[in-house]
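Starting from the known structure of chain P, fit chains W, X and Z onto it as the hints suggest.
Protein chains: 4
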Amino acid sequence: MSKYQELKERVLKANKDLVKAGLVILTWGNASEIDRNLGVVAIKPSGVSYDEMKVEDVVVTDLEGRVIEGKLNPSSDLLSHLALYKAFPEIGGVVHTHSTYATASAQAGKDIPCYGTTHADTFYGAIPVTRALTKEEVEKDYELNSGLVIVEHFKNNNLDVMACPAALIRNHAPFTWGKDVFKAVENSIILEEVAKMTALTLRFNKDAEPAPQYLQDKHYFRKHGANAYYGQKKINR
Amino acid sequence: MSKYQELKERVLKANKDLVKAGLVILTWGNASEIDRNLGVVAIKPSGVSYDEMKVEDVVVTDLEGRVIEGKLNPSSDLLSHLALYKAFPEIGGVVHTHSTYATASAQAGKDIPCYGTTHADTFYGAIPVTRALTKEEVEKDYELNSGLVIVEHFKNNNLDVMACPAALIRNHAPFTWGKDVFKAVENSIILEEVAKMTALTLRFNKDAEPAPQYLQDKHYFRKHGANAYYGQKKINR
Amino acid sequence: MSKYQELKERVLKANKDLVKAGLVILTWGNASEIDRNLGVVAIKPSGVSYDEMKVEDVVVTDLEGRVIEGKLNPSSDLLSHLALYKAFPEIGGVVHTHSTYATASAQAGKDIPCYGTTHADTFYGAIPVTRALTKEEVEKDYELNSGLVIVEHFKNNNLDVMACPAALIRNHAPFTWGKDVFKAVENSIILEEVAKMTALTLRFNKDAEPAPQYLQDKHYFRKHGANAYYGQKKINR
Amino acid sequence: MSKYQELKERVLKANKDLVKAGLVILTWGNASEIDRNLGVVAIKPSGVSYDEMKVEDVVVTDLEGRVIEGKLNPSSDLLSHLALYKAFPEIGGVVHTHSTYATASAQAGKDIPCYGTTHADTFYGAIPVTRALTKEEVEKDYELNSGLVIVEHFKNNNLDVMACPAALIRNHAPFTWGKDVFKAVENSIILEEVAKMTALTLRFNKDAEPAPQYLQDKHYFRKHGANAYYGQKKINR
Numbered sequence: 217m218s219k220y221q222e223l224k225e226r227v228l229k230a231n232k233d234l235v236k237a238g239l240v241i242l243t244w245g246n247a248s249e250i251d252r253n254l255g256v257v258a259i260k261p262s263g264v265s266y267d268e269m270k271v272e273d274v275v276v277t278d279l280e281g282r283v284i285e286g287k288l289n290p291s292s293d294l295l296s297h298l299a300l301y302k303a304f305p306e307i308g309g310v311v312h313t314h315s316t317y318a319t320a321s322a323q324a325g326k327d328i329p330c331y332g333t334t335h336a337d338t339f340y341g342a343i344p345v346t347r348a349l350t351k352e353e354v355e356k357d358y359e360l361n362s363g364l365v366i367v368e369h370f371k372n373n374n375l376d377v378m379a380c381p382a383a384l385i386r387n388h389a390p391f392t393w394g395k396d397v398f399k400a401v402e403n404s405i406i407l408e409e410v411a412k413m414t415a416l417t418l419r420f421n422k423d424a425e426p427a428p429q430y431l432q433d434k435h436y437f438r439k440h441g442a443n444a445y446y447g448q449k450k451i452n453r
Numbered sequence: 217m218s219k220y221q222e223l224k225e226r227v228l229k230a231n232k233d234l235v236k237a238g239l240v241i242l243t244w245g246n247a248s249e250i251d252r253n254l255g256v257v258a259i260k261p262s263g264v265s266y267d268e269m270k271v272e273d274v275v276v277t278d279l280e281g282r283v284i285e286g287k288l289n290p291s292s293d294l295l296s297h298l299a300l301y302k303a304f305p306e307i308g309g310v311v312h313t314h315s316t317y318a319t320a321s322a323q324a325g326k327d328i329p330c331y332g333t334t335h336a337d338t339f340y341g342a343i344p345v346t347r348a349l350t351k352e353e354v355e356k357d358y359e360l361n362s363g364l365v366i367v368e369h370f371k372n373n374n375l376d377v378m379a380c381p382a383a384l385i386r387n388h389a390p391f392t393w394g395k396d397v398f399k400a401v402e403n404s405i406i407l408e409e410v411a412k413m414t415a416l417t418l419r420f421n422k423d424a425e426p427a428p429q430y431l432q433d434k435h436y437f438r439k440h441g442a443n444a445y446y447g448q449k450k451i452n453r
Numbered sequence: 217m218s219k220y221q222e223l224k225e226r227v228l229k230a231n232k233d234l235v236k237a238g239l240v241i242l243t244w245g246n247a248s249e250i251d252r253n254l255g256v257v258a259i260k261p262s263g264v265s266y267d268e269m270k271v272e273d274v275v276v277t278d279l280e281g282r283v284i285e286g287k288l289n290p291s292s293d294l295l296s297h298l299a300l301y302k303a304f305p306e307i308g309g310v311v312h313t314h315s316t317y318a319t320a321s322a323q324a325g326k327d328i329p330c331y332g333t334t335h336a337d338t339f340y341g342a343i344p345v346t347r348a349l350t351k352e353e354v355e356k357d358y359e360l361n362s363g364l365v366i367v368e369h370f371k372n373n374n375l376d377v378m379a380c381p382a383a384l385i386r387n388h389a390p391f392t393w394g395k396d397v398f399k400a401v402e403n404s405i406i407l408e409e410v411a412k413m414t415a416l417t418l419r420f421n422k423d424a425e426p427a428p429q430y431l432q433d434k435h436y437f438r439k440h441g442a443n444a445y446y447g448q449k450k451i452n453r
Numbered sequence: 217m218s219k220y221q222e223l224k225e226r227v228l229k230a231n232k233d234l235v236k237a238g239l240v241i242l243t244w245g246n247a248s249e250i251d252r253n254l255g256v257v258a259i260k261p262s263g264v265s266y267d268e269m270k271v272e273d274v275v276v277t278d279l280e281g282r283v284i285e286g287k288l289n290p291s292s293d294l295l296s297h298l299a300l301y302k303a304f305p306e307i308g309g310v311v312h313t314h315s316t317y318a319t320a321s322a323q324a325g326k327d328i329p330c331y332g333t334t335h336a337d338t339f340y341g342a343i344p345v346t347r348a349l350t351k352e353e354v355e356k357d358y359e360l361n362s363g364l365v366i367v368e369h370f371k372n373n374n375l376d377v378m379a380c381p382a383a384l385i386r387n388h389a390p391f392t393w394g395k396d397v398f399k400a401v402e403n404s405i406i407l408e409e410v411a412k413m414t415a416l417t418l419r420f421n422k423d424a425e426p427a428p429q430y431l432q433d434k435h436y437f438r439k440h441g442a443n444a445y446y447g448q449k450k451i452n453r
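Chains as they are written, first to last, in our numbering: chain P, 217 to 453; chain W, 217 to 453; chain X, 217 to 453; chain Z, 217 to 453.
Dumping the calculated BS3-like pairs for lysine-lysine here, alpha-carbon to alpha-carbon at most 30 Å: (1) W/399 <-> W/287; (2) Z/356 <-> Z/302; (3) W/302 <-> W/399; (4) W/236 <-> P/229; (5) P/236 <-> W/270; (6) Z/236 <-> X/439; (7) P/236 <-> X/236; (8) P/236 <-> W/229; (9) X/270 <-> X/236; (10) P/351 <-> Z/434; (11) P/439 <-> W/302; (12) W/371 <-> W/351; (13) P/395 <-> P/270; (14) P/229 <-> P/287; (15) P/232 <-> P/302; (16) Z/395 <-> Z/302; (17) Z/236 <-> W/236; (18) W/434 <-> X/356; (19) X/399 <-> X/219; (20) X/399 <-> X/302; (21) W/236 <-> X/270; (22) Z/439 <-> P/287; (23) P/434 <-> P/399; (24) Z/229 <-> X/232; (25) Z/399 <-> P/287; (26) P/270 <-> Z/236; (27) P/434 <-> W/351; (28) W/439 <-> W/395; (29) W/399 <-> X/229; (30) X/232 <-> W/399; (31) X/270 <-> X/302; (32) W/434 <-> X/302; (33) P/439 <-> W/287.
Hint data in this document are derived by calculation from the structure and do not stem from the laboratory.
Extracted from the complex, chain P is given alone in its bound form:
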């Protein structure tokens, strides 16, 4: 049995979870996870039907994108994933979808402001949309540059990649990430719900204001960091 077996099974499940959550139709979207000890990433194969996808179809590559295990082409977005793994050592899983509301926001070229606690529970501050890629960046090394434009945005704006585990690539679609691939999937689910609520908030009140910063702080930090008290952290089950 492959030493990457468990990694591949996790990645297969995470990809199928995206379909179950209604975030992916046809072959759109891909999830990957990194094993930093082994120096490998497992990712969805390109253009394969989710129904037929089996664990042996998951592709394992090194951090330069060379296939180590698997007979199929990896997702065409592999190099975007690798750019994120290299820039951000904290992250263990990456997800890319074309989920409807988040993609519409990316197409609109609009950040998703924090209008309430649903957003603040997971994302600290606005979820950013990147600048457009240049013609040169699109024509050469497009997928790599799609990852790098996210990295650039977070570095230039001093954003904490774990406190805002999502970004929208302008005119394209969202990426999310997390400590592992299942957390990245969860963040995709939350991003889509938050994007939908944002559209509706603006329909109820086109001049809606972001939630007060102290309320954003409260919700984010009751779930994250040293003083978190949400969930079952302090109790053995």
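Relative to chain P, chains W, X and Z alone:
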């Protein structure tokens, strides 16, 4: 067997009903019920997956929030529920969700006016949005204050808590209640549908006017109070 | 066995079809069918859960609303149905729902104009919204008057009740009808889809114009009347 | 067994796939496929319930619309399909639906601009809406003219029918096509999703601009033509 067994089973079912009704994703939302004779409240545990939740995971507390039965942390929103039970002796069940349309309305900071009979059948008058909590109220005793800001709104505006069994906490999300936990769940379902209809009403006609008061009266009172004639109240089955 | 057995079975199925089609939640909505030879109407009981509703719960009344068979109260909207049956001898089934988009249009006080062939295939011309009921009409004989205000609208505007088998009661919700109860259910399904398309049409183009009259004529009359050629009418199967 | 058996089975499955994908309700919509060697087209029968539709109900006609096999009337839209097959030798399957968002865009009389990569992956450039049919074109040979107005639009605007496998007939609804009937179904699914994203993009930003042409080129050509590298084309599985 625990003397709270039936109470816990009801609360478990009510929490799972929220997921079935599409009002709750992930671990968002919580339902509780009070037994005023025994002086206890049963509530969902914090951050536990709905799929895995079992009756023994339901937490029983006293009215000060001290755990009486159960090994898990109660919902982090417990103190909001308790504030409502203490202020309003008529209510027997409380539900909190982040259902999409109602939450968007809370984020927009807008009351939900009564545009028609769907609303008037359950809610007498506009469904109110509370004031924002202050920085002090958020930083200290946040969950308690989230309940108290609802109580304040109803008292200051002389609203009848049973005639309008829902409120939106500004920049946060809705709470509903009822004579028992299942009625509170039903009111959450109706609130979400009414919030959706409100968004669509405004899309069809941004200058839409509330329904005439006499129509609101007719629909509310044909289902509630001494002269109600909807349903099977007068017939033995 | 009751001589109304088949009628009651049809009405039971039609009511459950409304739930399956997503037009009805909780106990909202009701379907009825008339047997003009027997001079009776079968209708849903009031306020009974659709899951538990059995054929013996369906209520049979005469045209004055007196219960002939059944132990439960008939739908509180019975008198609206009877007003339609009495005024329009062509109709055999009536359905009332609070389906989301059609109800929103009723709340907005807006007719649904014919923007395209989806509408014209079933509804000839705009689907009308009635005037508001007066205070007197609401306070006395409300359900009867809810039917009569539809009748008034069709008579005053010389509308053909079979060519436009739907109306919206202002600030309330839609009624549909048809030659039998299943056709009335189908018309409710189509009404809701057309109302949704109307909302979206106006979102794409707030100045959208109705479809040309000759296109409306073509689509309506290829499915209705002596020259219809849609479907399998000319072929024995 | 009929020599058209496989063709008919494919067409039956494609029609049922439209229902599964949520693009078709009641009997709305139809899919066909051509066998150019045999000179025949198989198409859905007119007005038959999808649940009851069996392979022997599929109708086989020649390119003039004369029934060769089958006891039922072919879809009333048959002549629209045939006009497309005759004008465009590249296409092997045609689908017509009244899917909600695409139909709303047709009713609004609005092209669907390319706002992002989801669109560009399948459709090169805006998805066009045709001119309105004239009174004469509607009253005589309506279904034929519905096909011809699409052909006219593509010829007059020098559009490549395989690079933009969809069109909206003004005040009516969409047609899509592809190398075979399943590709035509897939294009209907993508069209509906793109139309929905377009509505939402405009809600987030009413002044949204189309994606840069170089980004549209990149996405379209990484999936189509000689230099495509998406999917598993270069790998034997």
